[in-house]
Structures are given as C-alpha cells and as structure tokens.
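Residue numbers (our numbering), protein chains in the order written: chain W, 44 to 321; chain Y, 10 to 275; chain S, 6 to 346; chain E, 1181 to 1329.
Treat the hints with care, since some could be wrong.
Taking lysine-lysine and the DSS-like style, the derived pairs with C-alpha atoms no more than 30 Å apart in a straight line are [what the hints assert, rightly or not]:
#1 S:Lys133 <-> Y:Lys70
#2 Y:Lys115 <-> Y:Lys149
#3 E:Lys1320 <-> S:Lys133
#4 Y:Lys74 <-> S:Lys133
#5 S:Lys265 <-> E:Lys1187
#6 W:Lys315 <-> S:Lys223
#7 Y:Lys47 <-> Y:Lys131
#8 S:Lys41 <-> Y:Lys39
#9 Y:Lys71 <-> S:Lys231
#10 S:Lys48 <-> Y:Lys157
Rather than coming from a laboratory, the hints here were simulated on the basis of the structure.
Since the structure is predicted, the reported quantities are computational estimates derived from the model, not experimental observations.
What follows is the residue order along each chain.
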Amino acid sequence: MMDNLYMPYLMRIDRITYEAPGVKTFMLKFVNEADQEKFSYKAGQFGEYSVYGVGESTFCIASPPTRKGYIECTFRQTGKVTNALSDCEEGSIIGFRGPYGNVFPIEEWKGKNLLFIAGGIALPPMRCVIWNALDLRDNFKDVTIIYGARTVKDLVYKDELKDWELRKDVKLVTTVDPDGESPDWKGEIGFVPTIVEKIAPSSKGTIAIVCGPPVMIKYTFPVLAKLGFTDESIYTTLENRMKCGFGKCGRCNVGKVYVCKDGPVFTLAQLKELPDEY
Amino acid sequence: MVDLIKRAKELIETSVVKVLIGYEQGTANKTRALFVEKADDADRLIFDSRCVQNLAAYVTKKEVKEKGKMAIAATLPVMRSIIQLASEFQVNDNNLLVLGITPESKLIEFANLVEVETFVHKYEIEIDARNKEMLDKLEKMTQAERWKFWMDELSPCFKCYACRAACPMCYCSRCTVDFNQPQWIPVPSHELGNLEWHIMRAIHLTGRCIDCDACYNACPLSIPINLLTKKMLADAKEHFGAYQPSLKGDHLMSTYKPDDKENFIQ
Amino acid sequence: MNIDKRLVRKDSLEKLFDILKQNSKTIYAPFSKNGKTSFMDAKSFAGISTGHIQTSESSKDIAFPRAEKILDYSKNKEGMSVKGIDFADIPEVVLWGVRPCDAIGIGELSSIFNWDYKDEIYNNRLSKVTVFGFSCNKSDEYCFCTSVGGNPGNTAGSDILFTRMGEDGDYLAEIITEKGLTVVSLAQNLFEKSETLEREKFLAEVPVRFNHEEIRKKLDKFFESKEWIEESLRCLGCGACAYVCPTCACFDIQDEAHGKKGSRVRCWDSCGFSHFTVHTSGHNPRGVQSARWRQRIMHKFSYMPERLSVYGCTGCGRCSRACPVDMNILEHLISIQEVTV
Amino acid sequence: MAEFEPKIVAFVCNWCTYAGADLTGTSRIKYASNVRIIRFPCTGRIDYMLLLKAFDEGADGIIVSGCHPNDCHYTSGNFHARRRWIMFRSLCDFTGINTERIKFSWVSAAEGAKWAAIVNATVTSIRELGPYTEYKKVAKYPEKEVTHG
C-alpha cells in the first residue's frame, strides 16, 4: 500500500533516449523491488511523473505492459516539470504514481485488423498499444501504422520505426508535412489525413486508433468515415490538464465525463456524446 | 438617472455603441453591473451612492470588449481608471465612450478621452480621513509591530484573487502570480505566499492605482489590502509630487528625474 | 442510532467549552473580525460569535485545509527519501458553531474525496473532527437550504446539534452520533433530561425557491444555452465563490523546495480562474468565463448528482454573499428553472 | 555556540559594481567572505521579487549596487532603478520587512575600496541584527503546517 494516494513510487532513470528536438524517452525502473512486483497496468493508462521540488506532470506510459521490469515515458520539454525532467540525468530519481485511467480494449480486438494513425508527439500513447499488439501478434490480422510529423527531425522513436519497417507483419507508412522532408527522405510527403485517404486501408474488420494534435484528428475522422469506419471502431485519447489523476481535483472533466477516470481512451461514438469542451 | 436612461437608449438604438456598462439594482441592498445591449434594458439602469464598484474593470474584459464599441457610466474613480487604461493603450476613443457622472451626480457626455482627462484633473486624488489615520497609525508603529500587524491581517487571505479581478489595472492576461517559470510567488495561501502576493500586487500598482478601493470592497474577508496601495500613493506624492493619471503616459514607475531624492543609497 | 434529546442550560455552554479544553481538544469556533465571521482556533469561550447568520468562510478547511503538506522529501547521497504525512499528528478537533448547511456539506465533500479512490488524508482529518452544529434561528435573502434538501434544523453532518430555544433561551441538544455521545460522556451533567423540549418553532423560516431535481433535469439539455453567457458577463473570474463554498473541492498540487529538502503541498484552486484548465500548449478547454461559470453550476447540480449521487450545493448562500460583483447563484438557478428549454 | 555568520546576497550591475568588486580582488583588499554576488546587466534589471526571493532562501542581508547616477552603461537604467528602490524600500518598511537588511549603494568600477567597505559594514551591521528569523520563519513553510485561523 502506498502511504496515501499522492505518494509516488521512487523511480530511477535507467536510460535516456533522445528522440527529437526537445523530446526524450526515459526508461524508468522501480527503486524498491517490492513496488515493481505489485505494479501492473494496461495499454492506454497514464501516470503522474514528478521531479521533487518542481512538481508533477501527466503523461502516458509509453511502454507496453507485455515488457516487464520497467516503464517508459516520452515527453516534450514544454512546461515547468518537463523542463526539469529534461534536466535529469541517467541515475536520477524521480517520482511516479499511477497507473490511472481506462485502457484500450485490446482483448476485444482479437482477430481484427489494426490501423494506427499518429501525428507528432502523439505516437507515445500509441506506442504502448502497438508493441502490446505486436508482442501478441498472432491475435491480430493486418497491422498498419501511419505516422506523420512536421519534419523528419520531429519523428520520434526513429529506431523503432526502422524495426517496424523491416518487419514483414507490419505495414508502416511514415509521412512528413510538405517542406518538412530531408534530401534523403524516402517516406511520404503530406498531411496525415491526406495520406490516410491515399493509402485507403480497408475498414472491414478493422479497428482504427487515432492520436495526434486536434487539427490532425479533426480532419482524419471524416476520412475514416468515408472509408467506412463506424464511430464505434475508431479509438482516440483525450488529453486534459490534470493534477490528481483520480477524479478529485476538478480540472479534466468534459461535462460529466472525467478524462482521468472514464478516459483517456474514448471511441469516436463516445466522443460525439460529449459537449464541446476539450 | 433619467438622463442616463434616455441617453443609453439613444446610444443603443442608433448603434453608436453596442453595449453600455452601468449599474442596476442587485440582491438586497447591493448594486451591480448591468450591460445594456437592448434599448429596453436601459430602464433597469440606476445610479446612487451605493454604486461604488469600479466598472472600468469590464472595459478590458475579453467577453465585453468583443461586443464592439462600449459606453460606460463612469464615476470619478472610474474616469480616472479609464485615463490610466488609455495611457496604457487598453482603451481609446474608438472603442469607448464615457458618460461621466460628476461627484454632484450630474451626467456629462465626453466627446473624447482628452475631455475626460481635463475633467479628472480638476480633482486631486485624496486619501480619505479614516484611511489616512490608519496609515499614520501604522507608520508610528515599530517595524516589528507592523510585521505582526500584516502577518495577522494577511493570514486569513486564501488568495481568491478577488482583489486582482476587481481592479481595473489588473488586466494582464497572465499575472506574475500565475507564472511558474520561474515560480515568483508560492501558489498556496500560506504566510509567505500571501505576503509576497500582496507586496507584488502593491508594487505593480504603484503609480497606476487611482485609489478606488475596489480591491478592498471585493475582498470576501475584508482584509485592508488597500492600505498598501494607499501607502504607495501617499509616498509617491511625497517623493515625486501629486499623482494624476494622464494620457501622456509618463507613468511614475517608468519614468525618472535625474534629481530624484533619496537618503538611503550609500 | 436514535437521536437523544437533552437540555443544555445557556450558561452550561461555557462549562462544556472548558471541559473540552481540559480534555485537550482543539476547538474551532466562529469569531468576527473586520465585519466578517470566520472559524478560528478558540482559546477561550469569550468572543465566540453567535449572532451571525452564516460565517463568511465555510468550515471545510478543518478537513480540507487551504494548504496542506502531502509529503516531504529530501535528497541525500543515497538518492532520495520521501515521507508521507503522519496521521497521528492531526489533532482532535471540535468544530463549534457550524450551521446545518455547513455540516451537511461535509458529506458532499466526503463524496468527492471518496468516490472510487479513497483520499486517506482527507478521511483521517475528518475522522478527528467532532461537529457541533447550531441550527439557524434567522436567515437572509441568500439562504436557500430548503431548496436543496436541507433545513435550518437539519441534523445531517452534525454529531451534536444545538438549537437555541428562544432568544436568550436554553439549548436543545440533539445527540446524533457515537462521536457526539463520546463528547457528551465527558460532561454528562451538562446534558440534562427534560420533557419540555421543542425546536421547530425556534427555527428560521427559509422558503423553498426552486426544485433541485427539476433543475438537474433542465441542465441535461442546457449546456449550449445562451443563458450562461448573459449571466456570466459581469463575473470577473476570481475564486471567492469557490473558496467560501462548503463543498468546492478543486485543488492544485505544488512543490515547494528549500535547497535539497522540500514538500509537496495540496492547496485550493478554483474552476473560475481562467488558467485553471489551460494546457501547456496554450489551448484552454474552458477559454471563456461563461464556460467556467457553467462548469460551476453544472458540476454542483448535474455532474455531482449523476456521478456521486449527491448535489454539490447546500444552499448556504455564501458564494452570493462573498461575490464582489453580485453573482447570485439562487437567482440564476431560479431563472434556469423558469426558462423553457 | 558558533558565532553567527550572516549570509549576504549582493545584486550588482555588470558594468560598475561587478567590475569594482573585481578590482577589490585584484587590488588584494581583504573583505568579509559572507557575500554571494549575483551579476546583472544593469540595476534596472533587478526585479523587486528577486530581493524577496533572496530572503525566502535564507539571506540575512542584501546588497543592491550599481553605477553612480549619470554613469549607467545604458544611460538611465540606474535612474529607473533608483525610483523603484525608493518605492519598494518604503513598501517593505510598511509591511514590516526590516529595511536595515537591504543596503543600496553606488559603486563604480574604480571603487574597489568602497566595495570592500560596503560589504564589511553590511556584514557588521547584519551580524549585530542577527539572523533574519522573522522572514525565515514565514518562508520555511515546509517545516510547519498551515491550518486555519
């Protein structure tokens, strides 16, 4: 038992990976082994990461629950806490409490095709599900990943993108915004919704998981609808400002729905029920 | 205020302004702001001695400003605030029309802010006798006694920021107290957080505060925070001469004189 | 347990106070200063305010302080040591002179801190509190407890409820809970048996102004209403309403560091502040004041009943009294009831 | 008990006082080592809040120093600063903050000896005043729980 709800686990930063300008991935290991043993989570959940003396910040767990012994998080340096996190070195100790929130219903997706569509820094919440699915590859039919970023530099998880590209059981399409390409860029050029339209994945027996900046999401949904995806077969995540992570601090609710408890994973059908306040 | 109602109707009907900010009867003995957007609503306008809220706080409010050209029923403190705001480029003749209410409760419609300024300058800003007495009392205390006084007075403060919200000069979209890089002021309302917040507030209002007491009137706990700004006002007068908001924009704290006098720099 | 009714003579209250003090209880009671009434640590019985209709602040920060430590940390050679708060350090408190609309608010606050995840910090603080309710013999135009299921002599939330029988009269004490009984056992002789105890005729009259169930139903279809914009135009976006409210529980978590040591602090926050929900990217889901005012009303009268099965309002009227610009929640609720959607 | 050693934070401008303090060193003038110098481009850049922050973090005394009037590298930064100090010092005094603990001075790049004298005098006077316990008590919030009243 944690002393109280707000007590974080102590985590040691085991490895820092530089992903893109301002974006880093931390591999975190529990300082106390006992904590690790009782800790479990599922794809889609998030946590509160803290630098002692600076504060807490909310982001997803980016590693899949199928990989034991550590968790990973990927963040972009933007605010007070992410700046402080960014200053941490390997071996530093930070706090983590969680997991919070709901999960992607991966079990329900057995026997289906999976289509992942991500933009920019929104690949991390999806990476957890992608690896989770790939680690249980036999459970699913075709796996397609469409990932776009502003420029080649802004693509995160570059090594993993290479892995996915080489795998025969994954179809990976990467794209960058026009003028974001480098001379040796071999991927697509164009905005994510356009590329989705161009690739035109089949909606038959397919689950689409879409994460990205609001503008990308806004233009991707109609494309998917045109391709025949139902609102129930499209999943996305909502991000709202949070302090507690468990439905008390009063920030993240969209109408009656608390993103921290009822989310962050929503189907498009659920999203359409929500008032326009996110 | 028959004149005001009549004029408000004309201004709205002829679309000279989109919204007129005045007072209406509130709960019990309170009065409150009324935003007249339809001529019929003008009948609810009132004016009497209870109307002390500084309506100038609304002319910088996003949701009000977006309506279009505003007119404001302005008492002397409100007019002073408007001149100060104009000197800080927050309002101008194109977006604000001032219907002045003189200390004798007469209505004057000003053609432009220059006229408002001329009117305002006829009256010096004077600290009222009761507060003057309080300032004297505090100044006669020892520094340790004053420290205790403020620790006691500020301890109930829970930092609801009603003082900031009610102040026409606190229009910043992001206040220093909301910054966290660096964290200038502790967020929780403990002793340090409260002390630093009120010092910061007072110093940022120095040379801009026109002594309308909106902060004090807004405080749900009636903490005499206006004494801080009054002290600054009194000191500014002593050191740099009588203070009046002016369209010239020579703000007290952003100007200097090469011969400013002090007695503490070694 | 059955409510036991006893007589407490008017001059026995001070004796009760002294006995509690002798039993090393911390007593928080209302005192007036600068024309406002607030709960303070009462060193003596003298000066405790009785004439007020309602205290300016609610009593919620006994269990949910405006700023409280949730952990301490220190960095050392070995790494980091973190210590939670020691619940044993929380003093036993008697909350003296609470109005029924505050006492019932404790239950609503507890719902927020205990739906799903249980907040041990709050629960431990609350477990140390004994509530002495004092029913209301007068009310004002801001009071509307009867419209949200309460009443001026409501026993809910109090451990003992005192009702003064007439101006300058003796008190009827209703011993409601085991906790109350424990206190009574400390001063058994002050709680006399009596046959002539009456209460209803001494209670204030608070007319019912609206039907809260009906409001809730209306609000289901009211999200997009223009009413929010019109009603909130004069709202200046301060946090006075939330901070005086007995049931508002929004909070912030902040770290405070001094060198290698520091604390994490939970402190009050308000949904009325423009920066409350703003994302680091600058995007703000509740970017205008009308959205924030709507959140306040909807949270209390729609979201909380739906998710927590309690209303988030006790009808104490404090927010309207405290509001610097006369945003009157009662008036707005009545107008919502009257509007046809 | 060991003798109280005051912690002094000095906010100085780059062009005059910092250079002056440098000269103190190169001239091998010995002076009290209690001072931590923070260099600013100009006295006009020294925000009031920084002074309070110094007290928050345990300073017992503060020195604020820059170019003499008319010598500002940016023409008028010190004139602006002077006006602000006048008001800020008065506000501090009014709120009960001990203004004897904040020393303001002009020290030019040539006044190495003056800098040493200012620091020494400040250290002596702060030593007499003792640690700034009033402010530390307020600032050390983490040591103490704030509840009601």
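The hints, checked one at a time:
Proposed proximity of S:Lys133 and Y:Lys70 is contradicted: the alpha carbons are some 45 Å apart, above 30 Å. At most 30 Å may separate the alpha-carbon atoms for a hinted pair to count; Y:Lys115 and Y:Lys149 exceed this at roughly 41 Å. Between E:Lys1320 and S:Lys133 the CA atoms are separated by roughly 26 Å; this keeps the pair inside 30 Å, and the hint holds. Our distance criterion of 30 Å between C-alpha atoms is broken by Y:Lys74 and S:Lys133, whose separation comes to about 50 Å.
Under the criterion of a C-alpha separation no larger than 30 Å, the hint pairing S:Lys265 with E:Lys1187 is consistent with the structure, at around 18 Å. With a CA separation close to 21 Å, the supplied pair W:Lys315 and S:Lys223 stays within the 30 Å bound. For the proposed pair Y:Lys47 and Y:Lys131, the alpha carbon gap of about 34 Å is over 30 Å, so the pair is violated. For the proposed pair S:Lys41 and Y:Lys39, the alpha carbon gap of about 17 Å is at most 30 Å, so the pair holds.
Proximity of Y:Lys71 to S:Lys231 is assessed by CA-CA distance (about 17 Å); at most 30 Å being required, the pair is judged to hold. Using a Cα cut-off of 30 Å, the hinted pair S:Lys48 and Y:Lys157 holds, with the two alpha carbons roughly 19 Å apart.
Violation of the numbered hints given earlier is confined to hints 1, 2, 4 and 7; the remaining hints are satisfied by the structure.
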